[in-house]
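Visitor: Next come the chains, spelled out residue by residue.
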Amino acid sequence: MSFAFTQENTIRMASLLNRYAQKKALSLPLLWLAQKQEGYISEEAMQYISEFLELPYMHIYGVATFYTMFRLQKGDKPIIEVCRTLSCELAGSEEIKKYLKENYSERYEIVEVECMGACSGAPMCTLDGKYFENITPEILDEVLNAD
Amino acid sequence: MKIIVDNNPIECQEGALLIDVLLDNNIKIPHFCYHQDLGADGNCRMCMVEIKGQKRPQVACDTFVCEGLEVSTNSASINEVKRSILELELLNHPVDCPICDQAGECKLQDYYMDFGLYESHLSTPKTKKSKHIDLGSNVMLDQERCVLCARCTRFTTDITKTGELGIIGRGDQARVAIAPGHPLNNPYAMNVVELCPVGALTSKDFRFQQRVWFLDSAKSICHGCSRGCNIIIDYNETKYTSEKIHRFRARRNNAINHSFLCDYGRLSYKELNEKIIAAPCNMETLKELLQAEKKVALASPSLSLEQLQSIQEFCKNYKIELFSLPYIDESFGDDWLKTNDKSANFAGVKELGISTCQDDFNSSFENAEIVLNFDHALLKQQVFKDKTLVHFTATPCEGEFVFAIANFAHENGTLINCEGVRQEFFGTKYKSDAPRLRELLEELR
Amino acid sequence: MQTKIVSKNFDIPHAEMLEVALQNGRYGSLEKLSTLKPQELIDLIKQSGLRGKGGGGAPAGVKWQLASDFEGTKYLVVNADESEPGTFKDRQILAKDPHLLIEGIICTCQAIGANISYIYVRGEYEEFSAILQRAIDEAYEKNILGIGSTYKVDITVHRGAGAYICGEKSALLESLEGNRGHPRLKPHSPEPEFYFGEPTLVNNVETIASVPFIVQNGAEAYRAYGTKESPGTLLFAMSGHVENPGVYEAEFGLGMWEYIQKLGGGVKKGKKLKAVIPGGASTPILPAHLVYEAKLDYESLRDLGSALGTGGMIVMDEDVSMVKALKNLLRFYRHESCGQCTPCREGTSWVDKTLDKFIAKTATHEDLEILKSVSRSMNGKTICVFAPAASSVIDGFLKHFESEFLECIV
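Going down the list, the protein sequences come from chains A, B and C. At position 63 of the first sequence the residue is numbered 62 (numbering that gives the first Met the number 0), and the sequence of numbers has no breaks. At position 90 of the second sequence the residue is numbered 89 (numbering that gives the first Met the number 0), and the sequence of numbers has no breaks. At position 200 of the third sequence the residue is numbered 199 (numbering that gives the first Met the number 0), and the sequence of numbers has no breaks.
If you're looking for bench data, these hints aren't it; they were derived computationally from the structure. Quick caveat, the model's predicted, so the values are computed rather than measured. Backbone N, C-alpha and C define an ideal beta-carbon position, used for all residues, glycine too. Heads up, none of these hints are tricks.
Cut-off 25 Å, straight-line C-alpha distance, at most; resulting in silico cross-link-like pairs (PhoX-like, lysine-lysine):
| hint | chain 1 | residue 1 | chain 2 | residue 2 |
| --- | --- | --- | --- | --- |
| 1 | B | K379 | B | K274 |
| 2 | A | K100 | C | K323 |
| 3 | A | K97 | C | K356 |
| 4 | C | K352 | B | K125 |
| 5 | C | K185 | B | K54 |
| 6 | C | K371 | B | K125 |
| 7 | C | K323 | C | K270 |
| 8 | C | K360 | A | K97 |
| 9 | C | K360 | B | K125 |
| 10 | A | K129 | C | K95 |
| 11 | C | K398 | B | K54 |
| 12 | C | K227 | C | K3 |
| 13 | B | K379 | B | K318 |
Heads up, incomplete: computed chain B residues facing chain C, CB under 7 Å, no partners named:
| hint | residue |
| --- | --- |
| 14 | N42 |
| 15 | R44 |
| 16 | R55 |
| 17 | D61 |
| 18 | S83 |
| 19 | L87 |
| 20 | E88 |
| 21 | T123 |
| 22 | R169 |
| 23 | G170 |
Taking beta-carbon pairs under 7 Å as the criterion, some of the chain A residues facing chain C (in silico):
| hint | residue |
| --- | --- |
| 24 | A24 |
| 25 | L27 |
| 26 | G61 |
| 27 | Y66 |
| 28 | T67 |
| 29 | M68 |
| 30 | L85 |
| 31 | S86 |
| 32 | E88 |
| 33 | E113 |
| 34 | C114 |
| 35 | G116 |
| 36 | C118 |
| 37 | S119 |
| 38 | G128 |
Here chain A stands alone, though its shape is the one from the complex:
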């Protein structure tokens, strides 16, 4: 299986090239682009990026494994991230996590993450990258059952 960017993303890639002094700087932007396109970063995508940027495959792989937001495994469920750092824990993030795991594990992948910078809205979670702050079980039910 091979990887290629969509036409739209290829245009984006070309415009990104003009924004940086060296191609290497595109490592993160292109990993993001690949993840946006496919939902995760496949080995083929990393191969493509490493060839495009003329960097060893290991460089791209090392970078991809350093940043926690890059997903190297294909997931079959949408991801809910629950912040577990201090302000959220003080506001009851453990109960939120428990509630989500008990009620929504089948539909969603529930992961705990470190501080998301939404401490005034603790407890908080994200769904597909979107922030939900001051959450309660009731609010979660509402958001997660809305179609």
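For this one, chain A is given, so just place chains B and C on it according to the hints.
Guide: Chains B and C only, in chain A's frame:
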């Protein structure tokens, strides 16, 4: 200019790296990540020293010397700092020295004996990582033994620029790795084993063969090509086995190979262990053969200057035309250590004025009745109906007249490399089964 | 009690749209900018006493001078990798008044002689990056940015991807160059940062957002707020057990407790205050009695054995277990350590694992000693300040709340 180290003045160059000054003056300074041929990375934090006027301990690998610098490497307080960092280095280490090939030449062991000697007070589970990972190119990785000094990754990134090795993950889950499906694959790969200060990277070729404290070492020169890389031959003889060479290691020489060897050269030690089974040869028969009119000799361009000189003298006495031809392999050389000329001493051949003309050799060879082959590969595997071949050989060779001679592991001698550098090499302390070439020629005088 | 310099437009609906932004004074400093030479601008910033608002509090003018004086292609990199637990101020600027940041970037680029600027936004702030990007696009369309503009500044939004350490400026630059975010060895003498070998200024979002006010109103106008050593304002933030968590801009030097009570509405549900982490997770905790003494400026908090940091206060009420709180923070540090330096990589993990024993109430006196000795091993022995920060957090908890840890010993 001078600096003061542990109350002693030391002469050094302004702006030099402190760790280099310490190492060059044989002052003990523990370090994992720093390597004189890879440079500083600053990650292991082991080379801490006290510097007068500085509030905090500093790493010697990131300190540049200046006039009046006062350094302490062994005060009680700095030793305590080193002890505490070493404890962290060893914290999640499996301490499996009894089954680790690095034991005996492991920096963790050395430093523990130097200033560790503490009781472990780890009371929580160790971090688990992967073991016996085959990285390719004869290199095995044990992530649990790794101290993440990144010497290996810097080697493949900065030196070979092949980039197979890297660090993946983060924090206490960070580990050295290859990417799936992208093995270690470059002609210098095995250097990472030698660069590794601990038992994380071991050589498939050497592991489980010998405990290093049973090995003796000889300072030699690699004979794999004309670069003349400096090596150490590690060998031994046991009660029940005759002498065996177990490995070549790089011997640091800044003018030639720094601390590196190519894998081809590194593994060329195997040839030296091959037994030569030669039919017993009679010196008298040989002397009779030498009465013949038309004689030609071909000498290997990898023989030492001293050997070549003896051959020259011998040929002069017996009126034998002497030639030497280089070992050229256009596919072997690269832009670093490997050269297309795979002879160790072709420059020496030229210096001695031995003819290297292929055409002249061909015509002399055509007419010759007797051909003397001094270990040249060209003639070893060939049979000529109308000629009598006499081989003096250090490797297995078929033929009617074969005189086994000692190989370079049992010789002292001098070689001139491709850049005209004259270098001496020394043999092991054991006597070879076969006589030295010069002894044989002496008998034929 | 609030002083709105940076947050002036936060409550104006749609201030992120260029039209609204222009109506509310944005880009007002550019006229003044045209009358000032680059060195005059740098001097102005020096006179204003503006200090970096990302946590370190270093004088901004000095950094500007270093970048300006160094030969080469200059870059301005805006640090929007806001990841310090308890800190959520920069996102307010990105989302509510991105044009203020753009305006600040134009001023700063003019001062140091740069045309290229990157805003490194933490990956999680996807929504806010999108708002920022739209504002930048609008600014390009209206020739405020780009080749057709007066100052010819280009801005690129660069998204991080989940690594706290990239908030450390040299790690951020490594990341911006396309590498793993490993902090670099520190220079031996003052010099700018370097992006692909070129002199670079790295400043926090709020620092840059403070620049237009100073350019427009002068150094004295800025110095009119705050204290002598800590002039101006900061977007102080509050979270944890307060009635009204949020970001409230105030001048430096206010009483911490007064601030928490008046703007934060006091401790939640009328409970008693136990402690406050004053400026993001990495600043040592203050027990209640010190909170009552503390003033919100760099000097006061330093004198109390802590630091102002990012000004993001985490308020804890009487019911909080300090053992659990420390465990929470060490889990964070263990997770976020880049793994480069031995003391940090091994130390954060060891402390985190050891704290599990305290949580389980199976700890021993030796475990308490481990916490202390590992903390010592992490302090001042690494490339960057991540491990020393973690160390000071541990020390702070043990200094003020050791009894709670002793209670967990069998």
